[in-house]
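Peer 1: Here's the letter readout for the chains.
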Amino acid sequence: MKVGIVVFPGSNCDRDLAVAFEQAGADVTMVWHKDTSLPKGLDMIGVPGGFSFGDYLRCGAIAAQSPICRAVVDHANAGGYVYGVCNGFQILAETGLLPGALLRNANLKYICKTIPLVVQNNDSAYTSGYDMGQEIMIPIAHHDGNFTADADTVARLQGEGRVAFTYGDNPNGSVADIAGILSENKRVLGMMPHPERAADAAHGGTDGQALFKSVVGAVFGALQDA
Amino acid sequence: MKARVTVMLKNGVLDPQGKAVHHALTALGFDGVNGVRQGKVIELDLAETDAAVAEKSVGEMCEKLLANMVIESYKIEIL
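Protein sequence lines, in the order shown, are assigned to chains A and B. Residue 1 is where the first sequence starts when you use the working numbering, and the numbers rise one by one after that. Residue 1 is where the second sequence starts when you use the working numbering, and the numbers rise one by one after that.
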């Protein structure tokens, strides 16, 4: 299974994400943001955390309009897997691949700590390694993670099982405690917390490992069946 | 020709920065402030000379990049 990680000026979790995917058994290629097309044969794209383009205008807004993001949107629209973490989630929301938007944290503070998440969906490729309702400890590190969407959108996300994770103790004011959401086909996941920072014993926690193992396993399994 | 775009959070979208500014104003003794909403102003220097064409074009810029229509609204002034 091949994963491409998009690198923007200001990305700072790209290598962490690459290591987490590699440890789960994927082949990883880094993709520079100025490229207009993706390397051939990618099964999945990772959009990493950081501060792409200095968060100018709005977090993720400039990155979402970069040439490579058009290719990422095409990949997702063709049924490909796309995984956005933190700034990556903000970018996916700005492209419109995922609904809603991420506002400044309600307490206006940058929050960097390990917090409990509750697994709300375990029938996606990303989350099948967890139990429903399982509490996992995952680090967050963001200033603009306050997920917002109108009431109809939130109800639709909840009704369709597209809320992947909620916060155990809402740190940032996100509507309905939402920490991560899936696309309609459940192949695009965006989340503010950083599972790639809890994917090795040296990180002080390994609760994020199951996400990478399950998505790599699911996509690899699907490739073998094809 | 210049255009000024004002981008504001839509009504109903929580504005924690506006709330913090409100709080600070109250702390300074400005009691008569009922609410504060914070937005941003973007000035564009345009080659276009036809105001109507310019306004249409800036509208497209707003929809595509300058505002996030999920949470923000915009107002265009041609100067």
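None of these hints come from the bench; they were simulated from the model. The beta-carbon is built from N, C-alpha and C at its ideal position, and this holds for glycine as well. Check each hint, because a few of them may be wrong.
Facing chain A, from chain B, some residues (calculated, C-beta under 7 Å) [stated by the list, open to error]:
(1) Pro16
(2) Gly18
(3) His23
(4) Leu65
(5) Met69
(6) Ile71
Mimicking SDA-like on lysine to any residue, the simulated pairs with C-alpha atoms at most 25 Å apart in a straight line are [what the hints assert, rightly or not]:
(7) A:Lys109 x B:Met8
(8) B:Lys64 x A:Ser66
(9) B:Lys19 x A:Ser66
(10) B:Lys40 x A:Val73
(11) B:Lys64 x A:Thr36
(12) A:Lys109 x B:Leu25
(13) A:Lys109 x B:Leu14
(14) B:Lys64 x A:His143
(15) B:Lys64 x A:Asp152
(16) B:Lys64 x A:Lys109
(17) B:Lys19 x A:Thr36
(18) B:Lys10 x A:Phe220
Some but not every residue of chain A turned toward chain B, in silico, with C-beta under 8 Å [what the hints assert, rightly or not]:
(19) Gln65
(20) Glu94
(21) Gly100
(22) Ala106
(23) Thr148
Peer 1: Determine for every hint whether it applies to the structure shown.
Peer 2: Status of the hints after comparison with the structure:
A distance limit of 7 Å between C-beta atoms decides the matter here; for Pro16 of chain B the minimum to chain A is near 5 Å, and the interface restraint holds. A distance limit of 7 Å between C-beta atoms decides the matter here; for Gly18 of chain B the minimum to chain A is near 10 Å, and the interface restraint is violated. Violation of the interface hint for His23 of chain B is found here, the shortest Cβ-Cβ separation to chain A being roughly 10 Å, above the 7 Å cut-off. For Leu65 of chain B, the shortest C-beta to C-beta distance to chain A is roughly 6 Å, which falls under 7 Å, so the interface hint holds.
With a least beta-carbon distance of about 9 Å to chain A, the hint placing Met69 of chain B at the interface is violated under the 7 Å criterion. The beta carbon of Ile71 of chain B comes within 5 Å of a beta carbon in chain A, closer than 7 Å, and the hint placing it at the interface holds. Pair hint Lys109 of chain A plus Met8 of chain B holds up; C-alpha atoms about 21 Å apart against a cutoff of 25 Å. Restraint check for Lys64 of chain B and Ser66 of chain A: satisfied, since their Cα atoms lie roughly 12 Å apart, inside the 25 Å limit.
At most 25 Å may separate the alpha-carbon atoms for a hinted pair to count; Lys19 of chain B and Ser66 of chain A exceed this at roughly 33 Å. Simply put, Lys40 of chain B and Val73 of chain A have alpha-carbon atoms about 28 Å apart, too far for the 25 Å limit, and the pair is violated. For the suggested pair Lys64 of chain B and Thr36 of chain A, the alpha carbons sit about 19 Å apart, so the restraint of at most 25 Å is met. For a cut-off of 25 Å, the pair hint linking Lys109 of chain A to Leu25 of chain B stands: about 19 Å separates their Cα positions.
Restraint check: the Cα-Cα separation between Lys109 of chain A and Leu14 of chain B comes to about 15 Å, which is no more than 25 Å; the hinted pair holds. Among the hinted pairs, Lys64 of chain B with His143 of chain A is consistent with the structure: their alpha-carbon atoms are about 24 Å apart, no more than 25 Å. Distance hint between Lys64 of chain B and Asp152 of chain A is fulfilled; the C-alpha atoms sit about 23 Å from each other, no more than 25 Å. For the suggested pair Lys64 of chain B and Lys109 of chain A, the alpha carbons sit about 29 Å apart, so the restraint of at most 25 Å is broken.
About 41 Å separates the Cα atoms of Lys19 of chain B and Thr36 of chain A, which puts this hinted pair outside 25 Å; it is violated. At roughly 43 Å between alpha-carbon atoms, Lys10 of chain B and Phe220 of chain A are farther apart than 25 Å, so this suggested pair is violated. Because the closest C-beta pair between Gln65 of chain A and chain B is about 6 Å apart, less than 8 Å, the hint holds. Hint on Glu94 of chain A holds. Least Cβ distance to chain B is approximately 7 Å, under the 8 Å limit.
Because the smallest distance between the Cβ of Gly100 of chain A and any Cβ of chain B comes to about 6 Å, under 8 Å, the interface hint for this residue holds. Look at Ala106 of chain A: its Cβ gets to within about 5 Å of chain B, closer than 8 Å, so that hint holds up. With 8 Å as the threshold, the beta carbon of Thr148 of chain A comes within range of chain B, its nearest partner Cβ sitting at about 6 Å, so the hint holds.
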